[in-house]
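Q: Counting along the sequence shown from 1, when you hit position 111 you're at 106 in this note's numbering, and nothing is skipped either side.
Please keep in mind that the hints were generated in silico from the structure rather than gathered at the bench. Backbone N, C-alpha and C fix where the C-beta goes; we use that ideal spot for every residue, glycine too. Mixed in with the good hints, there may be bad ones.
[Unchecked claim] Taking lysine to aspartate or glutamate and the DMTMM-like style, the derived pairs with C-alpha atoms no more than 25 Å apart in a straight line are: (1) K132 / E176; (2) K101 / E176; (3) K37 / E153.
[What the hints assert, rightly or not] Okay, the calculated beta carbon distance ranges per label pair: (4) K155 / K42: 39 to 49 Å; (5) E19 / E134: 12 to 22 Å; (6) K80 / E26: 19 to 29 Å; (7) K132 / P8: 35 to 45 Å; (8) K112 / S150: 28 to 38 Å; (9) T170 / V131: 34 to 44 Å.
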Amino acid sequence: MISPPLFQSFKIPGFFSFKLPKNEIFNLFPETFFPLQIHSDKIIELKAPTNPLSKEGDAVITQLKGLSIGVQTADCVPILIAHKKQACIASVHAGWRGTLAGILSKTLEGLIKLGYKPEDLLVALGPHIQGSCYEVKNEVIDALYTYLKKPPFLSQREGKYFLNLREINLYQARTSGIPEENLWASSHCTHCLGNIYHSFRREKNHQFTQVALIHL
């Protein structure tokens, strides 16, 4: 597993896993709330413990002590957010749809509305398909131009277009007021590192997954 150095500095119990059997997730993490992910910008605020998959959404916020929350990914960007003094946590599943709908911006906005200052929030992006591998077609390109009129997050190579989900989500964090020193992003590519990560784009199946998990 990967524990972001940013979290270690503040003793935040959060990590990103390597490849795990998808049918074993709830046995491995029985006390963790995972949302029923729908590739949206819907945010769940948990105010009481509840069963995993009982609520639809792609981000979870909680101020409830003793609770673990997480998301599952297999190319999409897993994001964990923590308050420096562990007053709140959030987990985010950011695929291209959620990313271009501003799910990270909206999650951070939700935390700020709860009274937390951007400079006290730590944001960590876990392993995901990196921009050099994430080829996209017209549907995604059109959505990107709707999100940003002059998007700097699209590159072209040999007549193909590639989307950088990492930089879009970091852009959202920065524009939400998160200081640079409060940001961390993994450089691991799930599509390239098939020995330790599952990639749906590469494998075309749901047999494995990665999890991102954080505890308050």
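Q: Now tell me, hint by hint, if it's right for this structure.
A: Taking the hints in turn, this is what the structure says about them:
1. The hinted pair formed by K132 and E176 fails the criterion: a straight-line CA distance of about 34 Å is larger than 25 Å.
2. For the given pair, K101 sits about 21 Å from E176 by alpha-carbon distance, which is consistent with the 25 Å threshold.
3. Restraint check: the Cα-Cα separation between K37 and E153 comes to about 36 Å, which exceeds 25 Å; the hinted pair is violated.
4. Look at K155 against K42: about 45 Å separates their beta carbons, and that is inside 39 to 49 Å.
5. Range check, E19 to E134: Cβ separation about 33 Å, and the 12 to 22 Å hint is violated.
6. As the Cβ distance of K80 to E26 is approximately 23 Å, the hint placing it in 19 to 29 Å holds.
7. Remark: the range hint 35 to 45 Å for K132 to P8 is upheld by a beta-carbon distance near 39 Å.
8. Evaluation of the 28 to 38 Å hint for K112 and S150 yields a pass: the beta carbon distance comes to about 34 Å.
9. In this structure the hint that T170 and V131 lie 34 to 44 Å apart at CB is violated, the actual value being about 22 Å.
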